[in-house]
Amino acid sequence: MKKQVLSFLLLLSFVFSVSAQKAQTQKTDASERNLRTQVEYLASKKLEGRRTGETGATFAAGYIANLFANYKLKAGFSSVANGKTNANFMQTFPFVTGVEMAETGNTFSLEVTKADGQKLTFTDKPAFKPVAFSPNAEIGNTEVVFVGYGIASDELKYDDYKNLNINGRIVVAFDGMPESDSPHSRFARFNQHAKALIAKEKGAIGLLLISRVANLENDRLAGLKYDQMLGEAALPTIIVSRKTGADILGTDEAGLKSEEEKLIALTKGAIGGTSSNKPLDSRAVASFKINLIKKQADAYNVVGILEGTDATLKNEAIIIGAHYDHLGRGGSGSLAVNSKEIHYGADDNASGVSAMLELARQFSREKKNKRTIIFIAFGGEEEGLLGSKFYINNPAFPISKTVAMINLDMVGRLKDEKLTIGGIGTASELKSLVETINPRSSVEATVGEDNIKVKTAVEEAFKREGFREIKVEVKDNKVILNGIVGKGLVVKAVNAASEAAKLPIKVQIYESQNVNPTSAEIAARVPFFLSLNEDGFGPSDHSSFYSKQIPVLFFFTGTHTDYHKPTDTAEKINYQGLLKITNYVSEIVKAIDGNPAKPTYAVAKSSGTTGGRMGFNVSLGTIPNYADNNNDGLLLDGVRDDSPAAKAGLKAGDKVVKLAGRDVRNATDYTFVLGEMKAGVEYEIEIVRGAERLTLKIVPAARK
Numbered sequence: 001m002k003k004q005v006l007s008f009l010l011l012l013s014f015v016f017s018v019s020a021q022k023a024q025t026q027k028t029d030a031s032e033r034n035l036r037t038q039v040e041y042l043a044s045k046k047l048e049g050r051r052t053g054e055t056g057a058t059f060a061a062g063y064i065a066n067l068f069a070n071y072k073l074k075a076g077f078s079s080v081a082n083g084k085t086n087a088n089f090m091q092t093f094p095f096v097t098g099v100e101m102a103e104t105g106n107t108f109s110l111e112v113t114k115a116d117g118q119k120l121t122f123t124d125k126p127a128f129k130p131v132a133f134s135p136n137a138e139i140g141n142t143e144v145v146f147v148g149y150g151i152a153s154d155e156l157k158y159d160d161y162k163n164l165n166i167n168g169r170i171v172v173a174f175d176g177m178p179e180s181d182s183p184h185s186r187f188a189r190f191n192q193h194a195k196a197l198i199a200k201e202k203g204a205i206g207l208l209l210i211s212r213v214a215n216l217e218n219d220r221l222a223g224l225k226y227d228q229m230l231g232e233a234a235l236p237t238i239i240v241s242r243k244t245g246a247d248i249l250g251t252d253e254a255g256l257k258s259e260e261e262k263l264i265a266l267t268k269g270a271i272g273g274t275s276s277n278k279p280l281d282s283r284a285v286a287s288f289k290i291n292l293i294k295k296q297a298d299a300y301n302v303v304g305i306l307e308g309t310d311a312t313l314k315n316e317a318i319i320i321g322a323h324y325d326h327l328g329r330g331g332s333g334s335l336a337v338n339s340k341e342i343h344y345g346a347d348d349n350a351s352g353v354s355a356m357l358e359l360a361r362q363f364s365r366e367k368k369n370k371r372t373i374i375f376i377a378f379g380g381e382e383e384g385l386l387g388s389k390f391y392i393n394n395p396a397f398p399i400s401k402t403v404a405m406i407n408l409d410m411v412g413r414l415k416d417e418k419l420t421i422g423g424i425g426t427a428s429e430l431k432s433l434v435e436t437i438n439p440r441s442s443v444e445a446t447v448g449e450d451n452i453k454v455k456t457a458v459e460e461a462f463k464r465e466g467f468r469e470i471k472v473e474v475k476d477n478k479v480i481l482n483g484i485v486g487k488g489l490v491v492k493a494v495n496a497a498s499e500a501a502k503l504p505i506k507v508q509i510y511e512s513q514n515v516n517p518t519s520a521e522i523a524a525r526v527p528f529f530l531s532l533n534e535d536g537f538g539p540s541d542h543s544s545f546y547s548k549q550i551p552v553l554f555f556f557t558g559t560h561t562d563y564h565k566p567t568d569t570a571e572k573i574n575y576q577g578l579l580k581i582t583n584y585v586s587e588i589v590k591a592i593d594g595n596p597a598k599p600t601y602a603v604a605k606s607s608g609t610t611g612g613r614m615g616f617n618v619s620l621g622t623i624p625n626y627a628d629n630n631n632d633g634l635l636l637d638g639v640r641d642d643s644p645a646a647k648a649g650l651k652a653g654d655k656v657v658k659l660a661g662r663d664v665r666n667a668t669d670y671t672f673v674l675g676e677m678k679a680g681v682e683y684e685i686e687i688v689r690g691a692e693r694l695t696l697k698i699v700p701a702a703r704k
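Quick note: the sequence shown uses my numbering, first residue 1, plus one each step.
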């Protein structure tokens with residue numbers, strides 16, 4: 001009887017075990033389906049790349065808001081209409097989608113007096129186009145001076161303005177560079193903005209750029225494509241046709257081409273002034289008006305709130321965020337040059353949004369969170385972190401009570417279990433936390449002697465079984481194998497290791513291990529190979545929160561050849577890996593939530609990567625606010641610890657208005673001046689701090 005009861009209990013235990021495993025598998029399958037469904041919708045043709053301010057992005061925001069409502073989250077905001085309060089998941093913020101020429105107020109006229117005294121007047125409207133970033137202006141009857149390519153650089157010992165009287169005049173220059181359009185050209189930083197800044201510094205009041213294309217209508221650089229991050233040009237700027245350029249120079253289009261070829265030839269193999277210093281054979285006087293209208297559109301953050309269950313801790317919040325916008329049909333930000341195809345943005349960042357949504361679903365079903373959890377889908381990230389910048393200044397929950405921000409951006413291409421986590425230095429507890437929670441399944445192999453020899457043998461054995469980066473630790477006369485799953489594999493590999501080391505190894509399989517795990521369970525148990533970065537600043541939305549001294553974690557599976565191209569599509573996502581990351585983040589959030597003490601904010605060590613894409617030779621350690629478009633200086637979100645900016649005394653909230661003797665109105669001016677600076681040389685930097693205007697000394701560091 002006792003034997004029968006024991007057999008029954010063993011059978012019952014087995015049934016319960018199998019049932020539990022089946023339930024867990026079903027739960028895993030459902031979560032993976034959710035992730036796939038959401039990525040496929042967000043990265044579908046219908047949403048046309050989700051560019052901020054466009055219909056596809058609005059559809060995406062509505063889709064996310066509906067899911068928040070289905071999960072019974074509380075709406076982040078409310079509005080009052082007709083005396084009735086309406087809950088709203090959508091937080092609206094303003095966005096400039098582009099510019100257009102007003103119906104009136106855009107004119108251009110040109111009068112040329114030839115050497116023989118003959119006067120010619122030109123009023124051909126298609127001969128000009130204002131550039132999108134030009135300030136509105138009216139300039140009348142002003143002499144035009146030709147300045148070659150309009151480049152002047154002390155660093156390059158090159159000056160198109162040499163010996164020319166520019167003060168109070170309009171300058172005309174060839175658009176582009178005297179060398180190829182290679183981004184590695186020494187002239188690469190002298191774009192239209194830079195030429196306007198140089199012209200202003202030389203005393204000009206307007207800039208005409210001669211189109212590089214025979215037909216001005218086909219000049220893509222003359223299109224009214226607005227980029228909020230670029231800011232406004234230093235001078236009124238117009239692109240004129242090549243025919244108009246030839247008229248200004250008193251020649252024909254063949255003569256214009258010949259002049260351009262002479263300038264290009266002079267720049268090859270030597271640095272020096274150009275032939276633009278010769279006087280024109282004719283005198284040109286121009287008048288023009290520019291009247292551009294900025295096109296406004298609503299952009300959205302989507303905010304859902306899950307209130308905490310603890311009477312005290314619910315007054316603190318953890319934010320889980322991901323940006324949902326992408327690049328639409330290309331243009332600014334695209335790495336597919338001139339492409340007008342849909343940029344689907346499956347990894348960037350439908351993957352992060354789907355993970356955030358799955359976390360919202362899971363946490364809202366469990367309702368065990370002690371602290372309030374706020375789920376945010378940010379808009380405008382690709383345009384300069386616009387949505388997150390707006391949120392931190394207009395929060396749904398007090399920023400001072402926000403204890404941590406988790407950011408998921410590009411988490412869909414997990415490969416070889418490699419996961420990057422940024423921000424681990426922003427709170428003293430975070431490094432230990434992410435390492436402790438890193439999923440693992442362990443096997444202990446006990447040996448009598450020579451653990452190091454066994455360690456090496458075991459590593460080699462598992463490499464032969466396909467585990468290339470297995471973690472093997474030696475502790476207390478035991479070799480601990482982390483990330484090993486499947487009894488058959490363990491026994492086979494350890495026996496091989498024992499034979500190779502010629503040492504007896506006793507294997508202890510933990511009871512929690514499945515004898516025959518599924519592929520999903522195997523993937524879930526293999527630890528991530530973490531690449532940890534301390535820095536809290538970076539090119540994603542967590543940076544906005546760290547600027548407010550909030551601890552952050554940023555999850556990222558790395559860049560790839562499809563980044564910012566139409567080929568970033570849904571079928572390339574590693575959904576099993578995406579689920580694994582989602583579950584990992586869930587455990588991290590639960591650990592932060594379950595600790596009565598909030599994470600202890602710390603000043604993180606700089607990675608020195610912000611701005612690195614610009615290719616500068618020097619670094620100041622500033623964190624610009626690209627969302628600020630007032631064109632009255634460059635607003636700083638922060639400065640890196642122990643950087644040149646910190647040593648100079650710069651602080652978050654300062655506005656840089658002058659650097660190295662040059663005016664700074666926006667990020668574009670700032671980056672151009674930075675490119676002209678040298679490491680180890682002391683410069684003056686002028687800032688506005690509150691009501692004060694201060695001049696400080698700064699010494700750039702060489703970029704590592």
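The set of hints was computed from the structure by calculation and includes no laboratory data.
Among the hints, erroneous ones may be present.
To be verified - Here are the in silico distance ranges between beta carbons for each label pair: (1) K157 / E571: 42 to 48 angstroms; (2) L694 / A137: 29 to 35 angstroms; (3) A137 / R365: 16 to 22 angstroms; (4) S78 / G690: 16 to 22 angstroms; (5) N66 / S428: 37 to 43 angstroms; (6) R33 / D641: 41 to 47 angstroms; (7) T85 / I139: 19 to 25 angstroms; (8) K651 / A137: 42 to 48 angstroms; (9) T85 / P135: 39 to 45 angstroms.
All values reported here derive from a predicted model rather than from experimental measurement.
The beta-carbon is built from N, C-alpha and C at its ideal position, and this holds for glycine as well.
* Numbers of the earlier hints that this structure fails to satisfy, in rising order -> Of the numbered hints given earlier, those the structure breaks are 1, 3, 4, 7, 8, listed in rising order.
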